Each structure stands twice: as structure tokens, then as C-alpha cells.
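For the protein sequence lines, the chains are Z and U, in the order given.
For the first sequence, the working numbering begins at 1 and goes up steadily by one.
For the second sequence, the working numbering begins at 1001 and goes up steadily by one.
Hints listed in this document are in silico derivations from the structure and should not be mistaken for laboratory results.
None of the values given here were measured: they were computed from a predicted structure.
Treat the hints with caution; some may be incorrect.
Far from chain Z, by Cβ distances over 12 Å, these chain U residues were calculated [as the list claims (entries may be wrong)]:
1) Asp1016
2) Glu1046
3) Gly1056
4) Pro1065
5) Asp1103
6) Ser1114
7) Lys1117
8) Gly1146
9) Thr1153
10) Ala1180
11) Phe1182
12) Lys1344
13) Ala1347
14) Phe1352
Ranges between beta-carbon positions, derived for each pair [said to hold, decoys possible]:
15) Leu1097(U) <-> Asp16(Z): 48 to 54 Å
16) Asp16(Z) <-> Asp1102(U): 57 to 63 Å
17) Asn174(Z) <-> Asp1102(U): 47 to 53 Å
Computed cross-link-like contacts, DSSO-like style, restricted to lysine-lysine with a CA-CA straight-line distance of at most 27 Å [claimed, not checked]:
18) Lys1213(U) <-> Lys292(Z)
19) Lys213(Z) <-> Lys1292(U)
20) Lys1292(U) <-> Lys1267(U)
21) Lys318(Z) <-> Lys1344(U)
22) Lys1318(U) <-> Lys351(Z)
Where a beta carbon is used, it is the ideal one built from N, C-alpha and C, also for glycine.
Protein chains: 2
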Amino acid sequence: MTALNPVLDRLDKNLDQSLERLFELLKIKSISTDPAFSADCRKAAEWLVADLKSIGFDASVRDTPGHPMVVAHHEGPVGTPHVLFYGHYDVQPVDPLNLWHDDPFAPAVKEIESGRKVITGRGSADDKGQLMTFVEACRAWKAEHGSLPCRITILFEGEEESGSPSLKPFLDANAEELKADFALVCDTGMWDRETPAISTALRGLVGEEIVIKAANRDLHSGEFGGAAANPIRILTRILADIHDETGRVTIPGFYDGVEETPSQVLKSWEALGETAETFLGPIGLSIPSGEKGRSVLELVWARPTAEFNGINGGYTGKGFKTVIAAEASAKVSFRLVHKQDPDKIRAAFRKFVEDRLPADCSAEFHPHGGSPAIQLSYDSPFLTKAKNALSDEWPKPAVMIAMGGSIPIVGDFQTFLGMESLLVGYGLSDDRIHSPNEKYDMSSFHKGQRSWARILDALTR
Amino acid sequence: MTALNPVLDRLDKNLDQSLERLFELLKIKSISTDPAFSADCRKAAEWLVADLKSIGFDASVRDTPGHPMVVAHHEGPVGTPHVLFYGHYDVQPVDPLNLWHDDPFAPAVKEIESGRKVITGRGSADDKGQLMTFVEACRAWKAEHGSLPCRITILFEGEEESGSPSLKPFLDANAEELKADFALVCDTGMWDRETPAISTALRGLVGEEIVIKAANRDLHSGEFGGAAANPIRILTRILADIHDETGRVTIPGFYDGVEETPSQVLKSWEALGETAETFLGPIGLSIPSGEKGRSVLELVWARPTAEFNGINGGYTGKGFKTVIAAEASAKVSFRLVHKQDPDKIRAAFRKFVEDRLPADCSAEFHPHGGSPAIQLSYDSPFLTKAKNALSDEWPKPAVMIAMGGSIPIVGDFQTFLGMESLLVGYGLSDDRIHSPNEKYDMSSFHKGQRSWARILDALTR
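Just chain Z, with the same shape it has in the complex (with noise of 0.2 Å):
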């Protein structure tokens, strides 16, 4: 412990550098999925470039079709391992504005309970305040000893919120580049606020966006109504169709390769003590939408789901409109769980709705990413030196969870690198991330440095 703790101290009394540090990070408004932002994206990574320069590592920004990545090099000492660390710089969009209180992009330090304090501002959790607990603890151990504890190379991506079109192609190209021995991601939660989490368990996931075409201009009402095929209708006819009465999904195939999560498994989430009433109550819900006679956990951690996340079709302005639309639209997603194969899923997608149109209707899809169901391995000796490491910083020992979102590289990873990844990170439930008024705690973005360096220190040894 005599080279972790000089560093552990140097993170405590450096926090409001650090800080500072954060905040010129997060004012950049990196927005990825709106090309009006794409500037703004490339000076986020010319940012991270300086910033890690300054630390000592061989840093670029490296181009892309899309929004450019960031690497960066640092060498180790002989006989330690290779680790890749993973974030994105890039922040979902802000909309709907007016439901911020303050403006997204001006980062502030908030107390919103006594002693708890949090950073306010879009990507404050996810993911630029996360990224910035592993870059600090490399810059305090390079401070306190000259060097870093193992060889480090840094991958940020700026596509992250928005499908990673590019990331596929340059991991491949720079296959033999970015390889290490495994990779540290940082893109996940913790349990709760004093107790520590790695997860062990990804849904997947299939975006696809679909604009059903009726009549060949708008129409109205009046004139028209009764007669001409709505695609409102033809819409909601074919959106209300994907689920039966139990919350199933009904699309042919769909739960080909979704497998029963072992009882063991069921049990050990079981007596974390979460219900529908801890889960939900928080969002102002009760019940739970998915299939039923499932647990809250097993329905976010285990279970496939169909999501609709837009809905967008004729008049939508104040007042009244007696207009029959010439389209309307729907962004669609899927969860994916264990073998469920994106593929498949997008295509019996497709065909459910095709089966389901009017023959003078029609319907055009823009697939927005997919990415598979990611099942880590328990065995790995890193995960339990990184799980006592973890135990060591926080209240509460480490746990091992899974996960509903999807990280997508955790599998690029392992397809294109053959590695595979730690997931770590210190995001907290209310952290609102994609919503208004995201944050993330001071206790995250502080004891997150610390564990890194915890991390790092146990992984070397």
C-alpha cells in the first residue's frame, strides 16, 4: 500500500482542481446525435487530447467517418498488465429544454441534501464525469510517482449516444493498437450510494425507426375522413399489436435464445431488497409494465423488452388541426437478453409491421444500431481483485449485478480486441442521465478517483 496512498491523498487535496478540470469538459455541448453539435464533439476530443498530453501520455484525435475518437498511450513498468480504458465524450441530447432548471451546459456544484453534494449538467454523469475519475487518478499517480502503475492505453468515443457507427471499423482497423490484456469501462452505476457494484450482465439492443406512408400529401378531415387510410391509425394499430395482455412481446422469433436466469441468480438480486414499490416509487409508478410474475430486477436485468421511444405524426402544434397525415413515425427499440440475435429480431420486426399494413400503404425503416447481449465470466481473476479493491474504498463490500442498458463495446471488445472488459463506474439511480437536470455525486466523481487508483493499484500486483 506504501505507492497507493500518497496518491490517495494527492486525489483528496486536488478535488477542486479536478473539478475545475470537469467543468470545462462538460460546457462543451458534445452532442452526437445532432449533426448542428458535430464541432462541438471534435472539441471535446481535442480537449481530452491536451488534458492527457499533459499527464504524459502519446494522445491524438483520430478521425472518423463520424465524430472522431480519442487514444492515447502510456507505457508501464515490465511485468504488469495491459489495460484499455473505455469512455465516451459525447452526451445525449437536452430536450425538453424548458424542464431544466438551470441551463445544461453550465456545470455547478449543488448541495441537494445536507452533505450531499452533486455536479448539475448534461453528461455530468454520462459519461464525462466518469471518464474523468479514471484520467484524474492516472494524473495524481503520475504526479505522486513519475510514472503509472501499469501500461494504460485510453480509448474515448464520441458516438456513443448515438449508435457508434464508427467504432465497429476502428476497432478493426486498429485491432493490433488498442488490444490489451482486458478493459476497464466506465460507463455503469453503483448499487446505491454507499455500496459498489460491477456488472456482470448487459441487455443488448435493436433501435429501429419506422415511418408508416399513406396518402400522397396531407388531407383534410373533413373531406377525407372515413375514407382515406390514416397512418396514425395504421400506427398505433400495428404499435398496440407487439404486446399481448401479459406484457409478452408477439413478434414471431422473438424469444428465440432468451434462456430462464438460474434460481440462484434470481435469489442472490432477490436479497438485494429491491421491489416495484423501491424501483418505481421514486418515478411516481406502481406497477410494472413488463411480463408478469416477473420481479422489478429479473424484468431490467434479464428480460427482453419492446420499448416505444417516439411517436411523432400529423399536427402536434397548439390547438386543433383536422388533418389526416400523409405519414407518421415511431422510434422503436428491443432489449435484448442472452442469445437473442439482433439480426433476427430487426428482421421479424420488419415483418410484423409489413404484415400488418394496408396494401396501398406502405412503410420505410432506418435502423438506428444493434448490438447483442453481453454475459461476462465470474472467474476472472481481475474481477475479484477489482471487487476487494472497490470493497475497500466504499461503506458496503462490492457487488456483482447486472444491467438494462446496453454497452455495446463490451462486445465490440470482445469481437474485435478478444477481450473482455471490467465494468466499473459510480453513476447512482437518480443521476437522471438522458434526462433533464442529469448530475452526478461529488461522492461519485471523488471516491471514483480513489478507486481507480485502488484498481489499478490491486491489478498490478
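Got chain Z; can you put chain U on it based on the hints?
What follows is chain U alone, placed relative to chain Z:
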């Protein structure tokens, strides 16, 4: 015919000047549904008052809690009827703006096929072009004879496209001033380009906006998908339930008051030669979407509907956002026939929605206008005179038809002023009212003016 012919000649000679006046009116962005255009609505009212004064009307802008009315009076010879002419100066919103070939408020004359000129712009057909046909007929008669053929009151409304919230109170408060022997309402169409029409039946309308509310904030679909209620799923399920497989509306009590159309009426409509092919073909469709086993004319003229005019929820911008929205909304309207009661329909719809809500979700309802259907009496002498006058002007004799759209004013004139209405207008089915690229045929504008001169002449005999 000695009084009439010089008026017709004058209308022919002054067509260009009448077009200039119409263009001035069309340039005013009098969109009544959007508060941002309130000043434009008032400007349109003021323009009309000035124009009517120039003819010799005693005209004034009359304030209401919403957009103002225009009221104008002109005396006529003793022994002639007193007619009230109604039109509306407000127009529909212009979105989606990108589908317009030209600025909707920069009117122009275009030749769309050899010998067929049209006036383009928002409001050209609905209803500025139409109301100006009557004003021009009055102007020419006054210029030719120094008087009008009968006593005329004019009422122009500015809220027709937004549910006419101020109309009923205004009619009620000014009944003595506005009551006439009958009304002329110019907001309808021809059967075809050669065949004028008088509308004797109109569908009513109930407009309703519903907002389904689920969680107290937007959620990440990875974190909560499968456990938290999705308001888009709830909304689409409810909307999909409204029609059965045969196109019939399933809301309990919806068909109360709906009568079967007499077979001789159906036969006279059949004689007009309209088919699914001729009616739906021009808009790119082929299959009637309403109740099976009924002709398209019966569907749009004599059957009630439930239409979804707008739907909105979640992320609808570019790209994809894996969000579960806090709420989703739809604008729904019902076209009513015969004796369907708007209040009962609205209440039945609300109950239908509430019956289908999960216990932890809620619905908000916002009413947007309601009016019963209208059936005019076939035995009015004014109807016969107008029919003959129209038959004199156009290549083919006038026909009596029904209308799928609602014109609530007709019911209001009956209720508040005890007055029947003659529905005469010169719109065509390809005018694209309420849609991008609205137009009004030059022949509608020109022969419409001549038609009114003929009708005024005939009515006073």
C-alpha cells in the same frame, strides 16, 4: 335580367383589380390557431373593414375575447329579403413548411395546365378567395347601380380554423343586429370544375386532445425498460382499440342517433359516378378505410368517424434516443352525422380512455370544439332560386350534395338567429385546403363573383 348583365360585364372587366385586392388579403398571415399571429388576424379584419367601407358598407371591427369579427351593413330596396353573408378571414397553420413549393403568404397566379390558371397561397380557397367573390359581386353591383339588390349584412369571423370560441357569445349578444331572412355561407365547394353544388348536409365535429401521463420524468429505457409504464404504449393501445376490424368505431354509444341514409339519396349520390378509384386515386390510395360495405361518398357524407389528427411523444428529432417518455399525447376528432350528440360523444370517449388506463397512470383531456351535424330542409324557395342561378352560370346544372366537413356556423345560425343557411361555394377537391400548396382556381374566383351576382339577382325576384 337588365340589372344583372352590366354587373356581370363589369366583373369580367375588373377581374385584374379584384385579383390585386385578394392578393393584399392573402399576404396577411392570419393564422388563428397560433397566438403568435394575433396581430395578423386583426390586420386582416381591418383590411376587410376598409375594403367594405370603400363599397359603401357601414363596416366595423368588433372585438371579442379572441380574434375580432368584421360586421358590415348595407341597405336594400324595400320588399327585398335581408341576407346575412358569412365567411372567415383566418387560415390554417402552414406546417410542414418544407412541402410548400412557394412562400404560403406570397400569392401568385400559375397556369397548372393549358388554359387552367390557379391562385396559390394559404387561404386562397379556404376562405379568403371565397369570401372575396361575394365582396366583388357587391362592389360591381354598387358601382353599376349605386345600390345593392337587397339588404345585406356581412359577418366575417377570425376563429373558424380554431373552433370558433367567440362565435356563439357574439351571435347571442348581437342577435338583433345580425338576424336576417336567411344566411349565405361561402365555405364549401363545387361538385367538379363544371358543376356547381349546394350542400344540404354537413357532418358535425368533436375535437379532443388527450395527454397520457406515466412516470414523473423521462426515463432511460435501459434502466427502466420492461418495468416502467411507457405512455406511448398506453396511448397506442387505447387508440388501436377505437376501431374494430371492420372499420367501425367501438366506443360504447358512439352510433346513438346515427340513421341509415334513405336509399333514394344513396342512389342520387351513386349517379354522381364517384368510386373508391376516382375518390382515392388522386391522393395515392385505393382502399376505403371506413366501415366496410359502404360507398366512399356515404363514408364521407353520411357516416361518423374517429380520426387521429396528431400524435406526439418521446424523442422525435434526428437520430435515436433510448428514452421512456413521461407523457404522450394525441389529437383525436370525431365527425358526427344526423342526431349524434357532441357532448355525449366526448364523454363516452373520455370514459373509453379512462377505462383503459393502468392504475398508476393518468390522462388529461383538452376539448377543442364540438358541433352537431346539420341537415338542411329541401323545400326552401331560396334553395331552388339559388340552384337555378348557379345552373345559369356554369356549364352543367347545379347538384345538391352533402359535406364531410363540419361548418359549425350553420348550426349556430339556427340556434342563435333562428335562420337557415344556403351553402354555396366554389372550392374544388384538389384545392389542398389545410395542406401545403393550397390553391383556388381562377375560374372559381371569377365565375364565383358572377354566380353571386346571379344569386342576389334571383333571390330578390
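Results of checking the hints against the structure:
Non-interface status of Asp1016(U) relative to chain Z is upheld: no Cβ of that chain comes within 12 Å, the nearest being about 30 Å off. The beta carbon of Glu1046(U) sits about 23 Å from the closest Cβ of chain Z, which is more than 12 Å, so the claim that it is off the interface holds. Distance to chain Z confirms Gly1056(U) as a non-interface residue, since its nearest Cβ pair spans about 36 Å, more than 12 Å. With a minimum CB-CB distance of about 15 Å to chain Z, Pro1065(U) clears the 12 Å threshold, and the non-interface call stands.
Taking the minimum C-beta to C-beta distance to chain Z, about 18 Å, the non-interface status of Asp1103(U) holds against the 12 Å cut. Listed as a non-interface residue, Ser1114(U) keeps its Cβ farther than 12 Å from every Cβ of chain Z; the least gap is roughly 23 Å. The beta carbon of Lys1117(U) sits about 21 Å from the closest Cβ of chain Z, which is more than 12 Å, so the claim that it is off the interface holds. Every beta carbon of chain Z lies more than 12 Å from that of Gly1146(U), the smallest distance being close to 41 Å; the non-interface claim holds.
Even its closest Cβ contact with chain Z, about 27 Å, leaves Thr1153(U) beyond 12 Å, as expected for a residue assigned away from the interface. Separation of Ala1180(U) from chain Z is adequate, the least Cβ-Cβ distance of about 26 Å exceeding the 12 Å criterion. Residue-level check passed: Phe1182(U) sits 23 Å from the nearest beta carbon of chain Z, beyond 12 Å. At the 12 Å boundary, the C-beta of Lys1344(U) stays outside the reach of chain Z, the nearest C-beta of that chain being 20 Å off.
With a closest Cβ-Cβ approach of about 19 Å to chain Z, Ala1347(U) is found to remain outside the 12 Å limit, as its non-interface label requires. The beta carbon of Phe1352(U) sits about 14 Å from the closest Cβ of chain Z, which is more than 12 Å, so the claim that it is off the interface holds. With their beta carbons about 50 Å apart, Leu1097(U) and Asp16(Z) fall inside the hinted range of 48 to 54 Å. Separated by about 59 Å at the C-beta atoms, Asp16(Z) and Asp1102(U) satisfy the suggested range of 57 to 63 Å.
Evaluation of the 47 to 53 Å hint for Asn174(Z) and Asp1102(U) yields a pass: the beta carbon distance comes to about 51 Å. Proposed proximity of Lys1213(U) and Lys292(Z) is supported: the alpha carbons are some 22 Å apart, at most 27 Å. A hinted pair counts as satisfied when its Cα atoms are at most 27 Å apart, and Lys213(Z) with Lys1292(U) qualifies at roughly 22 Å. With a CA separation close to 18 Å, the supplied pair Lys1292(U) and Lys1267(U) stays within the 27 Å bound.
As the CA atoms of Lys318(Z) and Lys1344(U) are separated by approximately 25 Å, the hinted pair is consistent with the 27 Å bound. A C-alpha spacing of about 24 Å is found between Lys1318(U) and Lys351(Z), which places the hinted pair at or below 27 Å, so the restraint holds.
Of the hints listed earlier, there is not a single one the structure fails to meet.
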